[in-house]
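By this note's numbering, the letter at position 414 of the sequence shown is numbered 414, and the numbering carries on one by one without gaps.
Simulated from the structure, these hints should not be mistaken for laboratory data. All of these numbers come straight from a predicted model, not from anything done at the bench. Each hint should be verified, as a subset may be incorrect.
Unchecked claim - Here are the simulated DSS-like cross-link-like pairs (lysine-lysine), alpha carbons at most 30 Å apart as the crow flies:
#, residue 1, residue 2
1, Lys188, Lys377
2, Lys185, Lys140
3, Lys265, Lys140
4, Lys198, Lys367
5, Lys185, Lys152
6, Lys46, Lys103
What the hints assert, rightly or not - Ranges between beta-carbon positions, derived for each pair:
#, residue 1, residue 2, range
7, His245, Glu44, 55 to 63 Å
8, Glu276, His79, 44 to 52 Å
9, Glu44, Pro260, 49 to 57 Å
10, Gly80, Pro260, 47 to 55 Å
11, Arg373, Val45, 49 to 57 Å
12, Lys25, His79, 20 to 28 Å
13, Gln284, Lys382, 26 to 34 Å
All C-beta atoms, glycine included, are put in the ideal place defined by N, C-alpha and C.
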Amino acid sequence: MKTKNTTRQMIDFVKIRVQNPDIQKIRNNLRLEWFQRTSERTGEVKEYTSNFHGITFEIKNNQYLNISGSIHKFWNSLHGLGEQNYNDFRFENLAGVIIEFCKMFDLVPCFCILTNIEFGVNVSPTIPANEILRSVINHKGKPFSREYTENKKFRECERQRYIIKIYNKGLHYNQPGNILRFENKTIKMIHIQETGIKTLQDLLNAGKIYRLGVILRRNFDDLLFYDYTIQETGLSAIKRLILTHGQTPVYWVNLLETNPSNYYKKRQRLKDLVREHGTKDIQQIVGCLITQKWNELLRIDPEPLEKLTDLAKPIIMQINHSDKGLKLVNYKQEVKTIVQAQGGSISGAEVQDMEQPSRRYCFSCGKDISHQRANSKFCSPKYVGEKNAHRCRNIDSNPRNRMKYMIEREKNELTLFDSTPFFQLAKTKRETTIFNT
1 MKTKNTTRQM
11 IDFVKIRVQN
21 PDIQKIRNNL
31 RLEWFQRTSE
41 RTGEVKEYTS
51 NFHGITFEIK
61 NNQYLNISGS
71 IHKFWNSLHG
81 LGEQNYNDFR
91 FENLAGVIIE
101 FCKMFDLVPC
111 FCILTNIEFG
121 VNVSPTIPAN
131 EILRSVINHK
141 GKPFSREYTE
151 NKKFRECERQ
161 RYIIKIYNKG
171 LHYNQPGNIL
181 RFENKTIKMI
191 HIQETGIKTL
201 QDLLNAGKIY
211 RLGVILRRNF
221 DDLLFYDYTI
231 QETGLSAIKR
241 LILTHGQTPV
251 YWVNLLETNP
261 SNYYKKRQRL
271 KDLVREHGTK
281 DIQQIVGCLI
291 TQKWNELLRI
301 DPEPLEKLTD
311 LAKPIIMQIN
321 HSDKGLKLVN
331 YKQEVKTIVQ
341 AQGGSISGAE
351 VQDMEQPSRR
361 YCFSCGKDIS
371 HQRANSKFCS
381 PKYVGEKNAH
391 RCRNIDSNPR
401 NRMKYMIERE
411 KNELTLFDST
421 PFFQLAKTKR
431 ETTIFNT
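Required output: the full structure, derived from the provided sequences and hints.
The structure is reproduced here in structure tokens:
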């Protein structure tokens, strides 16, 4: 099947620390060719390294195993599409590659601790990507660095716990069209603590992935933009002064240090002026595209499953709904099987504990609902109002209703073969099919 060049991806680069690794087993894996770094004085081997389709394995002191690389590029390279990350990479692809990767190297996802993760989306706004890069001023008062070359237009803002990246993806990979990439690189995992994502196993939970999208949009909304199409003719002197100062990053740095309370007032004033007198509301236009794209990538379609291996096909489509949100129905058994094969043991309760975050969140919007009743799954009208609570419930039920309609329509249409097995029903308390949007 030909890959559509729609440049969509969610999770890309990851760093993993494997808990209690079986070093000898990974060393003996025939897929890996190892290189060693030794001490010149003692001859002792300090580190083993290996690379497999862009994924780097590092063994240190013969007891620690670290894994890093782009799981999107790994997926493409493994399936003959080259080591690139500008094509489709939806939630079912993410789940498929995690399962396949862990099978290949006898790893248990809940023992693969994430120490770094990059997540973001590529969007195609009507505003040229280079114009957006020129217009961004800062993130929460901190200016962006820039790297402009013939083949690269890139801006970056490094925070204490994460890095904001925004760049011209089409130019970077010599792809046609106007493609803007916005992503977060996590330096410290506390940045995404609210999502409950700690291990590779958590990346199989669509509810937790959804919360990553909430963080991504929040960080985009914290950007400050200027609109260079604003005509200052006819504006008051005060407005012209705010616009002149506002487009200068150093102005905001000084204001934040000397007068924080005035900083937020001036920031909002600039945003209002840009919205009122500008012709391109970058914040609103691109922000909406980011949210739409993230939610689109979370939808599960039958067609991309053709790219999955036989291992992943029967697992991915059986998606259940429980008190912990979306998950793979038979995944707990998969975890037990892998661990027992390694000579260890793990109980169902232990797997349950590893999945359970310390706090509870709304399955739809990702808000903290720990203060609500223990069996709450969505935001309560008591705290967010009936309108918002109703929207949260609809986000959960609408995809389910759409899937029922799709199944009925498929049954009534003439096809060359029966395609309804792709719509397997996962038994839940309500015995209904769950497909997350």
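Hint by hint, which ones does the structure fall short of?
Those not satisfied: there are none.
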